[in-house]
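Novice: The primary structure of each chain is shown beneath.
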Amino acid sequence: MMILAHGRRVFAIVAVAAALALGSTANAAIEDRVFDDPSLTDRYQDLIAELRCLVCQNQNLADSDAELARDLRDKTAEMLIAGKTNKEILSYMSDRYGDFVLYRPPVRSDTALLWFGPIILLLLVLIFVYRHVRSKQSINPAQVENESDHAERERVRALLKDTPNLD
Amino acid sequence: MSNKMKYLAPLFVFLGIAVFLGIGLTLNPTELPSALINKPAPTFQLAQLKNENQDFSPQDLLGQRWLLNVWASWCVGCRVEHPLLNQMAQQTNIIMVGLNYKDDPTAAKKWLAQRGDPYSIIPMDISGDVGIDYGVYGVPETFVIDEQGVVIYKHTGPLTVTAMETKLLPLFTESASQQALN
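The listed protein sequences derive, respectively, from chains A and B. Residue 59 in this note's numbering sits at position 59 of the first sequence, with consecutive numbering throughout. Residue 92 in this note's numbering sits at position 92 of the second sequence, with consecutive numbering throughout.
Okay, chain A solo, but in the shape it has when bound (with noise of 0.2 Å):
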């Protein structure tokens, strides 16, 4: 048992080992772009963060190597360079590919259910709780027990009218 134990232990290391240097492989992969103002380098890591690569869907344009990602992480630079906003470039970027393509939707009237439904869902099972728990409360358990004591006592004396006397 202790052995398995240890074997598994092992395991677990190596396969995190490995894990992490695959990942460090995977970022080597990505460019390091560096501007002459510091500032346009922070602001270049956090807009390629947050825009959705369109190819590997579940990854950003920084995590992506794909030929896209590539070409819209060059258009970033370009337009930071150029002096764009950042809410200037994610207008760029999703006038072109659509909401898809941020990975914090805007809050509109069509993505409400989006972001106010886990809330308003959370706000209706505490309220169906809520009554739940108040409904159970409601009835005396104490008058409950008198009143069905009341009809099985009845029950028992009828039932109990025609037999003799135990006494």
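Derived by calculation from the structure, the hints in this document are not laboratory data. Any given hint could turn out to be false.
Unchecked claim - No more than 20 Å apart at the CA atoms, straight line, and that leaves these computed lysine to aspartate or glutamate pairs for DMTMM-like:
hint, chain 1, residue 1, chain 2, residue 2
1, B, Lys39, A, Glu88
2, B, Lys102, A, Asp74
3, A, Lys87, B, Asp55
4, A, Lys84, B, Asp129
Got chain A; can you put chain B on it based on the hints?
Specialist: Just chain B, lined up with the frame of chain A:
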């Protein structure tokens, strides 16, 4: 809530979730709605593959309904849809513009020589900038642009017989019959 309802409630919740997830399964997550539908087609001016001395711009085709197919010689999906485009070029008189996306002109010419050339105009988007303006994320992509220069249809991925017959061709026959009436 009656007792019966209490026991049936989980069933209804389950059915509700099953219906939603079932609808989800029928959707294709790789197919994104185009941000360009019902918007003016982005303008550009590009050199042509076949007619080198002349630039092409979408404005040249204002007043006509035309098809814009984004393709490249390195694109595998383009090989799949190419016979359909050839067939369309032979059987209809639709103006077919083939935007050659991030390609090498020599490779593109060779590719067309081998597989047939359905395009009347082939603008070359070597940098891929026009592709970005059109929101191209997976070649091949096919757009239909109407007489006013507005994008009215987009198909992402290789064109299928179904998409061609039910969506694309009707857009052109409808415009042809309207022109016949006028």
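Novice: Hints first: check each against the structure and report whether it holds.
Specialist: Structure-based check of each hint:
For the hint pairing B/Lys39 with A/Glu88, the CA-to-CA distance comes to about 19 Å; that is within 20 Å, so the pair holds. The suggested pairing of B/Lys102 with A/Asp74 holds, with an alpha-carbon distance near 15 Å, which does not exceed 20 Å. Restraint check: the Cα-Cα separation between A/Lys87 and B/Asp55 comes to about 33 Å, which exceeds 20 Å; the hinted pair is violated. Between A/Lys84 and B/Asp129 the alpha-carbon distance is near 18 Å, which keeps this suggested pair within the 20 Å criterion.
Comparing the model with each numbered hint stated earlier shows that hint 3 is the single one that does not hold.
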